[in-house]
Every structure is written in structure tokens, then in C-alpha cells.
Amino acid sequence: MPAPTPAAMPGLDAELIFDLLLCLFLLGLALRILTTPQLYQGAILFIAFGLGMALAWTRLAAPDVALAEAAIGAGLVGVLLLDSLRVFAPAATAGLREPAPARPPSPTRHRQLTAIVLLAAAATVAIPITLAIWHLPAGGGLTAAVAEAMPESGVDHPVTAVLLNFRGYDTWLEIGVLLLAMLGLLAIHGDRPSTAGSGDQAAAVRPDALLDWLTRLLVPVLVLAAGYLLWLGKFAPGGAFQSGVVLAAAAILLRLNGFALIERLPSLAWRAALLLGFAAFLVHGIGSLLAGRALLQYPPGHVGSWILALEALAAFSIAFTLAAFFIALNRADRSDPVVH
Amino acid sequence: MTAPDFITALCLLAGAFFFLGGTLGILRFPDLLSRLHAVTKADNLGLGLIVLGLMFQAPSVAAAMKLALIWGLALLAGSTSCYLIGRHTLARQRTPTRRLRD
Chain Z
1 MPAPTPAAMP
11 GLDAELIFDL
21 LLCLFLLGLA
31 LRILTTPQLY
41 QGAILFIAFG
51 LGMALAWTRL
61 AAPDVALAEA
71 AIGAGLVGVL
81 LLDSLRVFAP
91 AATAGLREPA
101 PARPPSPTRH
111 RQLTAIVLLA
121 AAATVAIPIT
131 LAIWHLPAGG
141 GLTAAVAEAM
151 PESGVDHPVT
161 AVLLNFRGYD
171 TWLEIGVLLL
181 AMLGLLAIHG
191 DRPSTAGSGD
201 QAAAVRPDAL
211 LDWLTRLLVP
221 VLVLAAGYLL
231 WLGKFAPGGA
241 FQSGVVLAAA
251 AILLRLNGFA
261 LIERLPSLAW
271 RAALLLGFAA
281 FLVHGIGSLL
291 AGRALLQYPP
301 GHVGSWILAL
311 EALAAFSIAF
321 TLAAFFIALN
331 RADRSDPVVH
Chain F
341 MTAPDFITAL
351 CLLAGAFFFL
361 GGTLGILRFP
371 DLLSRLHAVT
381 KADNLGLGLI
391 VLGLMFQAPS
401 VAAAMKLALI
411 WGLALLAGST
421 SCYLIGRHTL
431 ARQRTPTRRL
441 RD
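As they're listed, the protein sequences go chains Z and F. Just so you know, this note's numbering puts 115 at position 115 of the first sequence, and the rest follows in order with no gaps. Just so you know, this note's numbering puts 406 at position 66 of the second sequence, and the rest follows in order with no gaps.
No lab work stands behind these hints, which were simulated from the structure alone. Built from N, CA and C at the ideal position, the CB exists for glycine as well. Take the hints with a grain of salt, since some may be wrong.
To be verified - With beta-carbon atoms standing in for the labels, derived distance ranges: (1) Leu413(F) to Asp170(Z): 45 to 53 Å; (2) Arg271(Z) to Leu413(F): 31 to 39 Å; (3) Arg32(Z) to Gln397(F): 30 to 38 Å; (4) Glu152(Z) to His377(F): 53 to 61 Å; (5) Ile286(Z) to Ser374(F): 33 to 41 Å; (6) Gln38(Z) to Lys406(F): 54 to 62 Å; (7) Leu31(Z) to Leu415(F): 45 to 53 Å; (8) Arg216(Z) to Leu364(F): 30 to 38 Å; (9) Arg32(Z) to Ser374(F): 40 to 48 Å; (10) Ile129(Z) to Ile366(F): 43 to 51 Å; (11) Glu148(Z) to Ala431(F): 35 to 43 Å; (12) Ala349(F) to Leu21(Z): 49 to 57 Å.
As the list claims (entries may be wrong) - Computed, partial: chain F to chain Z, Cβ under 7 Å: (13) Thr348; (14) Leu415; (15) Leu416.
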């Protein structure tokens, strides 16, 4: 966990106090998440932890990361955690009214071994990170190099320049991680979510005039906001992941109101939508190598347009994958015929 | 302190008050529906007042309008999600046997 460093403005004591409190809050929350016996409580606290982390990123003047952390780390992952709990450990979420049973206590010896292994793993990660922070060059690392190369990057926002141009493979691999997670879910659930099979939930949702009206009003606005975030990435914090999450929220809202857009897609189109972002990077990478450029290097001229196109495809795939996650987990709970 | 700064400070304080009230409501109210009531007050009025306060500090009219748009989006998204949660809770109260299935 990167600790917020109060290095931004020395001398401002109120900010230092706030940052220290934030550090304590995050550490305490992390400890609580690890030690709480109730999985449900752990999931809820994890959402709070994600929001706290977003605040920490804001304090570190990294609004891009803060946006992604709040939207994905707190929002969507939180929803997915709660949904997974409901599917795989129904007793834990039923604990809203009745206290959830604590996990069966494991034998002391086993627990000690686990603690030692976990501590060793944590130390293996924490020590190099601490050393790395200690040895950070005073000039701000690669900041100067990035600033120097900005005119060639095709965009005006350094974070987008790094993520989509200078280190495009980072974004590529992140999309790959999402895809792998989806494959894992498919392996557990056996199949993609579809309207066929037990409990057609789309048909089971009762029509609701107010929700219908809200959905019809909100979804176009969300699509517009997603497009805005995608376009904004050229100049300011924004981009494929932020845009994709907003788009996924629109899809989830539609789904909750009974529009089974994603499940109605033919199987091939469904798979293609999942793969689109990753495949676009793959084609771009192979193409750049074949053309004699470096891996993922854009052809000269119109770099900004190339980046926007690649980001648009990535955002679509990210949105589709996240929404499909939600729908797959949500559907697994609804195998009983009871309406809601 | 200039007049816009004064209005900003007033609005931010009032907004913080509503957020504090909403948080207290979440912590103290007995059931989900009244907690929802508390949290919507914080979201709508608290955020509205903070946005209003920040609009007086905006560098341009366009930036101020953008802030207002953000508030509008939060209002719309907030009421939609609150309505979804409320509807789900009501439906669950009507079918109390469902959760006891396992």
C-alpha cells in the first residue's frame, strides 16, 4: 500500500495532520478488514477502504488514479465482492438481519503457519517498495523525460501519454487482467450469462413506471458522460477505464430495469465484445512490429487519433466485461423463481 | 475576506452540516429506508451547497456551469440508486421466506 506522503506543501500543518489521519485511518481499516470474522463486514469495509485510498491518491495529486480507484476499486469491486458473497456464501449476506456465523476456527498450528507465510509475503513486497521510495531520485524520477517527450505523444495530458503511448503495454496488460478474471468467472459458472436457462430474470422484473422513466433519463446521460471522459483523457484526468466504468454502470442500470441487452447478444458477438479491447492492442502491437517500429509504437502523424480509437475500443470492452461480471453473479443468485 | 469568499465559506459550512447530519442518520437510524432518507439529504443538499459554494470560486462561467452539471448528474444517479435500493428492500420485506431458503 503506497502511504500518502505529506510532501506536497511543507509548512502547512493542517494538511500534514489531515494526511497523517488519513494514513492512520487507512492502516486501521486495512487491519480491521483482515481481522473481522464476518466476510460481509469485510466486504463493506473494503469499499470504505477503496474510497479512503481514492482520497489518498487525491492528496498525492494523482486524480487519474483516484478516479479509477473510486470507480473500480471501491464501486465495482465492492459490488462484485458482495455479489460473490451472496452467491458463494449466502449465510454471510443473510447476516443483514441475523448475525453471520463466524468462520470455523482453524487449528492454532495452521493459523500460525498462515500468519508467518502472510507476514513473509507482505515483507517481501513492503521492503523493496520502501527501499524504492527511499532511493527515489530528487528530480521526480521520469517526470522530466515525460515532459520532454510530450510534444511527440499526440496528447496533452502526461498520464494518458504514459499509459497509452510511452508504456502502452501497461494498459494492454491491465485489460488482459480483466479478461483473465472474466475467464475465471466463466470457468466457475460454466457458461456466459444468457436469457436462456433457469429463471429468466429479465422477464421476472416487474414493470415500474418511475424506474423506467429514471432509466430512460439517466442512461443517455451516462453514455454522454462516458464519451466525455474518453475524450477528456487527451487533456485532463480521464480515459478508457473511467469511461468504461461509467458505461458499465449504464449497462447495469438497464439490466436492473429488465433490459437484458448483454444476454440477448449472440454468443459470437458476446465473445467478440469481451475481446475487442485486448485484440485491438494485439493487432496494434503486431502491426507496429511488422512495420519496423518498436512494440506498440504509433505510426507518425495522427497519434492522438490512434490513441483515441484504441481507447474507445478498450473502454467498450472494459464496460462490457464489468457489466458481464455483474450480470453473471447477479443471475446466479436468481435461480429461484421468486420475483426479487 | 471578499464577498464571494464569504458566500463560499458559508455554503461549504452549510454543506458540511448536511453531510454530518446524513452521516449521523446512517449511523443512528433504525432501518434501511430511514437511513436512505438520511443519505439522500446529505447527497442532494450537502453536495448542492458545496457545489454552490465552489461555483463562486470558479475561474469562468463555463466552469461554474460544469460544476452545476456535476451536481445534476449526482442528483439523478443518487435518486436512481436510492430508488433501486428502496424497491429491492420493499420487495424483500414482502417475501420474507426467500432469505431463509438455505
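To see whether the hints hold, each was checked on the structure:
no. : hint                               : verdict
1   : Leu413(F) to Asp170(Z): 45 to 53 Å : 29 Å, violated
2   : Arg271(Z) to Leu413(F): 31 to 39 Å : 33 Å, holds
3   : Arg32(Z) to Gln397(F): 30 to 38 Å  : 37 Å, holds
4   : Glu152(Z) to His377(F): 53 to 61 Å : 54 Å, holds
5   : Ile286(Z) to Ser374(F): 33 to 41 Å : 58 Å, violated
6   : Gln38(Z) to Lys406(F): 54 to 62 Å  : 42 Å, violated
7   : Leu31(Z) to Leu415(F): 45 to 53 Å  : 36 Å, violated
8   : Arg216(Z) to Leu364(F): 30 to 38 Å : 35 Å, holds
9   : Arg32(Z) to Ser374(F): 40 to 48 Å  : 26 Å, violated
10  : Ile129(Z) to Ile366(F): 43 to 51 Å : 35 Å, violated
11  : Glu148(Z) to Ala431(F): 35 to 43 Å : 59 Å, violated
12  : Ala349(F) to Leu21(Z): 49 to 57 Å  : 22 Å, violated
13  : Thr348                             : 18 Å, violated
14  : Leu415                             : 10 Å, violated
15  : Leu416                             : 5 Å, holds
The structure fails to meet hints 1, 5, 6, 7, 9, 10, 11, 12, 13 and 14 from the earlier list, while all remaining hints are met.
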